[in-house]
Amino acid sequence: MLWWVLLPAAAAVAWAVWAGLRRNGREDVRRRPVAHADRLTALPEYQAALRRHRRWLLVAGTACALLLASTAVAAARPVDVATTRPEQHNRDIMLCLDASGSMSNADAAVVDVFAGLARKFDGERIGLTIFDSSAVQVFPLTDDYAYAQEQLQAAKDAFDGKPGSSGFLDGTWSGRGSSLIGDGLASCLNSFQGATGPGAAGPQRSRSVVLATDNFLSGKPIMTLEQAAQLAKERSVHVYALNPGDVDYGAGTDQPGARLRAAAESTGGSYYALDSPDAVAGIVSGVEKTEAAAIQGAPRAVLTEVPGVPLATAALSALVLCAALWQVQPPLRRGRHGTPPRPAGPGRRAWFRRSAVVLLVGAAALRPGLPGGNVPAASTDLNVFFVVDTTTSMVAEDYGGATPRLEGVRKDIKAIAEQLPGARFSVITFDTTAHVRMPLSTDTLALETITDVLEPQVTAYAKGSSITAARQVLAERLAAARDSHPGRPRLVYYLGDGEQTSGTEPEAMAFDAGLVAGGAVLGYGTAEGGRMKENSGLDAGDGSAGGAGTGPHGGYVQDNGAGDARSVIDEGRLRTISAQLGLPYVHRDAGAPVADMMRQAHPGKAEHSDGDGSVAARTEVYWLLAAGAFLLALPEAAAVLRRLRGLPRPARAEAVR
Numbered sequence: 091m092l093w094w095v096l097l098p099a100a101a102a103v104a105w106a107v108w109a110g111l112r113r114n115g116r117e118d119v120r121r122r123p124v125a126h127a128d129r130l131t132a133l134p135e136y137q138a139a140l141r142r143h144r145r146w147l148l149v150a151g152t153a154c155a156l157l158l159a160s161t162a163v164a165a166a167r168p169v170d171v172a173t174t175r176p177e178q179h180n181r182d183i184m185l186c187l188d189a190s191g192s193m194s195n196a197d198a199a200v201v202d203v204f205a206g207l208a209r210k211f212d213g214e215r216i217g218l219t220i221f222d223s224s225a226v227q228v229f230p231l232t233d234d235y236a237y238a239q240e241q242l243q244a245a246k247d248a249f250d251g252k253p254g255s256s257g258f259l260d261g262t263w264s265g266r267g268s269s270l271i272g273d274g275l276a277s278c279l280n281s282f283q284g285a286t287g288p289g290a291a292g293p294q295r296s297r298s299v300v301l302a303t304d305n306f307l308s309g310k311p312i313m314t315l316e317q318a319a320q321l322a323k324e325r326s327v328h329v330y331a332l333n334p335g336d337v338d339y340g341a342g343t344d345q346p347g348a349r350l351r352a353a354a355e356s357t358g359g360s361y362y363a364l365d366s367p368d369a370v371a372g373i374v375s376g377v378e379k380t381e382a383a384a385i386q387g388a389p390r391a392v393l394t395e396v397p398g399v400p401l402a403t404a405a406l407s408a409l410v411l412c413a414a415l416w417q418v419q420p421p422l423r424r425g426r427h428g429t430p431p432r433p434a435g436p437g438r439r440a441w442f443r444r445s446a447v448v449l450l451v452g453a454a455a456l457r458p459g460l461p462g463g464n465v466p467a468a469s470t471d472l473n474v475f476f477v478v479d480t481t482t483s484m485v486a487e488d489y490g491g492a493t494p495r496l497e498g499v500r501k502d503i504k505a506i507a508e509q510l511p512g513a514r515f516s517v518i519t520f521d522t523t524a525h526v527r528m529p530l531s532t533d534t535l536a537l538e539t540i541t542d543v544l545e546p547q548v549t550a551y552a553k554g555s556s557i558t559a560a561r562q563v564l565a566e567r568l569a570a571a572r573d574s575h576p577g578r579p580r581l582v583y584y585l586g587d588g589e590q591t592s593g594t595e596p597e598a599m600a601f602d603a604g605l606v607a608g609g610a611v612l613g614y615g616t617a618e619g620g621r622m623k624e625n626s627g628l629d630a631g632d633g634s635a636g637g638a639g640t641g642p643h644g645g646y647v648q649d650n651g652a653g654d655a656r657s658v659i660d661e662g663r664l665r666t667i668s669a670q671l672g673l674p675y676v677h678r679d680a681g682a683p684v685a686d687m688m689r690q691a692h693p694g695k696a697e698h699s700d701g702d703g704s705v706a707a708r709t710e711v712y713w714l715l716a717a718g719a720f721l722l723a724l725p726e727a728a729a730v731l732r733r734l735r736g737l738p739r740p741a742r743a744e745a746v747r
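Under our numbering, think of the first position of the sequence shown as 91, with each following residue one higher.
Please keep in mind that the hints were generated in silico from the structure rather than gathered at the bench.
Because the structure is a prediction, the values reported are computed rather than measured.
Be careful, since some hints might not be right.
What the hints assert, rightly or not - Lysine to aspartate or glutamate pairs mimicking EDC-like chemistry, simulated, CA-CA at most 16 Å apart:
#, residue 1, residue 2
1, Lys501, Glu545
2, Lys323, Asp368
3, Lys553, Asp649
4, Lys210, Glu355
5, Lys210, Glu240
6, Lys252, Asp202
7, Lys379, Asp212
8, Lys501, Asp679
9, Lys246, Asp212
Said to hold, decoys possible - Listed next, with one range per pair, are the computed distances between beta-carbon atoms:
#, residue 1, residue 2, range
10, Thr493, Glu597, 24 to 32 Å
11, Lys252, Asp170, 39 to 47 Å
12, Pro458, Glu316, 52 to 60 Å
13, Gly463, Pro98, 33 to 41 Å
14, Thr493, Val374, 35 to 43 Å
15, Glu316, Lys210, 32 to 40 Å
16, Arg438, Leu406, 20 to 28 Å
17, Arg438, Arg735, 19 to 27 Å
Backbone N, C-alpha and C define an ideal beta-carbon position, used for all residues, glycine too.
Take these sequences, add in the hints, and give me the full structure.
Next comes the structure, spelled out in structure tokens:
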């Protein structure tokens with residue numbers, strides 16, 4: 091809000107008050123003495139008329155004061171933080187990099203090229219997933235290009251072997267084997283919101299995968315390259331393959347390069363040798379040719395103008411002012427001897443002015459605007475960390491009846507994010523190990539994407555897990571956030587079922603004092619428990635990730651031959667974690683509101699800073715109309731005060747006998 095605008099407005103009102111209250115010698119000259127007027131003014135009929143006149147003038151004065159105050163506030167352009175989803179023409183591009191030892195130099199070259207391309211993107215979303223025997227998503231699909239460039243630079247430093255980047259590849263060796271290309275490509279495909287899964291609502295995006303690999307397989311994958319390519323084709327994802335080892339192994343179709351080419355081209359994509367001069371240009375051209383649907387972009391917190399209340403008050407006040415002055419001074423006066431009514435001279439000009447005030451306020455209330463403007467983005471002084479249990483037990487079907495617990499987690503993450511527009515969000519998942527799925531970012535569309543594609547670990551890879559497996563990763567991220575922005579509160583939301591399947595006791599979830607400012611521990615599941623579907627790592631058949639197995643038990647996890655295993659919530663352990671973190675524990679049921687968990691969030695004040703950017707929007711012009719109405723209403727204020735000052739005092743009752 092432009093507070094300084096209120097200062098000249100207050101000065102103008104003060105001038106109007108002074109003009110209305112000061113004595114005017116010319117008025118005294120115009121007054122004519124009338125003999126025996128005291129008897130006339132003392133009549134009850136006259137006194138009643140005088141009281142009515144005074145009341146209408148007081149109503150007019152009050153309405154005029156409200157009109158001046160409300161139009162002044164509207165002209166000052168009041169703002170508030172709101173969430174908007176700008177429309178974009180969007181393409182999704184997922185970089186899918188084979189992180190095996192033979193690919194380091196090639197991966198560094200790929201991320202360097204796309205870091206440069208990200209500077210030129212306009213609406214496209216880009217993400218990065220790396221894989222060896224297992225896949226790790228470095229960052230989800232996002233149109234926050236500064237954030238994407240930062241992450242791509244960190245990836246390049248890691249592939250170049252720079253000091254301080256040794257942990258970048260953590261989590262890529264959790265499987266059995268090395269360079270499992272089919273599994274890696276399938277994981278990259280699962281980074282897109284599913285065709286009929288949780289993220290299916292809304293227009294479909296153009297989706298492309300840039301796959302950098304030499305296609306040298308070591309080990310037995312869950313999904314072959316050909317199966318992954320078929321999955322990409324079914325999901326309308328174009329795969330563009332980059333092969334740094336594109337050498338001639340012969341004419342056989344089973345050669346690594348030939349198989350990679352056939353897989354990429356079967357999806358509608360293309361194949362290039364990494365050192366080909368046509369590689370980058372060809373991929374960019376291919377991506378640009380794909381249809382880009384108009385979609386809703388990332389929800390952004392913006393400082394938006396909110397003149398609704400002052401403009402509504404101004405409109406009502408203007409109408410009341412006109413109605414009151416109509417009673418005091420009708421716009422027409424009656425003619426003599428049956429002649430038509432004639433407009434009063436000064437009164438006619440006053441009614442033109444009052445009509446203009448009503449029209450200006452009405453036009454301002456319509457919020458006219460000009461295209462091509464923008465509004466500043468807002469940021470909430472808050473860092474929010476979601477720590478999500480993705481062990482097999484989180485698909486136990488006891489949330490809201492027979493829904494997997496992970497579905498409740500998805501809903502709650504989105505609900506919390508909606509309550510904190512402009513905050514910076516991070517997602518850390520844990521099963522056997524912990525992974526940072528999304529570093530701190532204000533891109534809530536990236537948060538939605540990573541939330542929609544959350545899946546439990548592949549059942550075959552499950553080795554037992556600890557409910558505090560994310561302790562070290564979370565501690566490092568909290569400390570880094572504190573060091574970079576010491577004054578920014580850090581909230582932690584732990585979402586899990588408390589089931590400890592590791593053979594050892596969980597480590598204490600305790601951190602340095604002041605690291606955690608608020609949040610909650612959210613528990614999912616029931617004491618009766620629920621069955622858990624196996625996650626084979628294959629397509630579920632409905633467009634979503636993590637299909638169930640198709641064994642004799644219907645794809646459910648078995649309890650050593652005793653039938654379907656059941657997972658039950660361990661609220662005792664969850665309460666222990668909440669006590670260690672100093673946060674409240676809240677059991678989550680389907681349909682429960684987020685109010686309970688938000689009471690302890692302590693969100694910071696949303697403020698705009700120069701680095702937050704802007705969002706395209708109309709240029710509002712209502713404030714100019716409101717300012718015009720304010721200026722035209724000033725003479726009315728002075729006139730009403732002058733009339734009130736000129737009214738005779740009420741006569742006492744004993745004056746008439």
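Here is what the structure says about each hint:
1. Lys501 / Glu545: 14 Å, holds
2. Lys323 / Asp368: Answer violated: Lys323 to Asp368 is near 24 Å, above 16 Å.
3. Lys553 / Asp649: 15 Å, holds
4. Lys210 / Glu355: Violated - the C-alpha atoms of Glu355 and Lys210 are around 27 Å apart, more than 16 Å.
5. Lys210 / Glu240: Judged against 16 Å, a Cα distance of about 15 Å means the pair holds.
6. Lys252 / Asp202: Holds, at roughly 15 Å.
7. Lys379 / Asp212: 15 Å, holds
8. Lys501 / Asp679: 11 Å, holds
9. Lys246 / Asp212: Given that 16 Å is the threshold and the Cα spacing comes to 23 Å, the pair is violated.
10. Thr493 / Glu597: 24 to 32 Å: Hint holds: Cβ distance 31 Å, inside 24 to 32 Å.
11. Lys252 / Asp170: 39 to 47 Å: Cβ of Lys252 to Cβ of Asp170: about 44 Å, so the range 39 to 47 Å holds.
12. Pro458 / Glu316: 52 to 60 Å: Between Pro458 and Glu316, where Cβ atoms are some 58 Å apart, the hint holds.
13. Gly463 / Pro98: 33 to 41 Å: 25 Å, violated
14. Thr493 / Val374: 35 to 43 Å: 42 Å, holds
15. Glu316 / Lys210: 32 to 40 Å: 34 Å, holds
16. Arg438 / Leu406: 20 to 28 Å: Because 25 Å falls inside the window, the suggested range holds.
17. Arg438 / Arg735: 19 to 27 Å: 24 Å, holds
Going through the hint list in order, the structure does not satisfy hints 2, 4, 9, 13.
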